[in-house]
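Visitor: Here the sequence shown is numbered in the working numbering, starting from 293 and rising by one per residue.
Incorrect hints may appear among the rest.
[Claimed, not checked] Below 16 Å or equal to it, Euclidean Cα-Cα: the simulated EDC-like pairs (lysine to aspartate or glutamate) are:
(1) K305 - E463
(2) K305 - D457
(3) K299 - E446
Hints listed in this document are in silico derivations from the structure and should not be mistaken for laboratory results.
Keep in mind it's a predicted model, so treat the numbers as computed, not measured.
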Amino acid sequence: MTQSYVKTGTLPKPGLIGRLVRLLLGIYLLYVVYQILAAPPSGLINALPEHIGLWIGIAFAFWVFPEVSNIGWSLKRGNWPRVVILVLAVIAGLWGVIQFGSFMAPPLSWLVYVWLIYTFGHLGVAFVIASVISTPGCEMRSIPHLWTLLTGKETSEHFCPGFIDNIDKWELKKLKGSSGLVGGR
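Let's have the full structure, built from the sequences with the hints guiding it.
Guide: Printed below as a string of structure tokens:
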């Protein structure tokens, strides 16, 4: 994870296509949260053995969790959020062994349930806010960017390399090309 923070106003705002992609991703992620909320916490652990989609969701949440917590809340904790969730999972699993005779018991179910709701919920809300207020750079900075818009107190922006940045660069290049402007981002 890179900590590429820059001064407010440094990064260009996303265009219409970039904002639409963010909105669609945000809606999808909030739908994932709805699906998680629709199932009881015990359903997560019970579904694990045969539900490949759940494994993919857990792996994705584990992969993005440091960025969600670090970039989203202006922290610089590196991979520690990932370590913390692993330690909590081991503790919850051991608690399950003591209480219920199984590692995959209610304490671990509840931890995974709450953690997935937070991770996908934070991502979903961040994507939707980023699309509405045209957050420059990383959509995980949309909550601090909204704070800047509401209070006038500047917060930093964050450059996020990835496929959405590629969409933003392509769109900016097309806009500059069609308006006769020269240069790139």
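Visitor: Hint by hint, note whether the structure agrees.
Guide: Hints, one by one, checked against the model:
no. : hint        : in the structure
1   : K305 - E463 : 11 Å, holds
2   : K305 - D457 : 11 Å, holds
3   : K299 - E446 : 8 Å, holds
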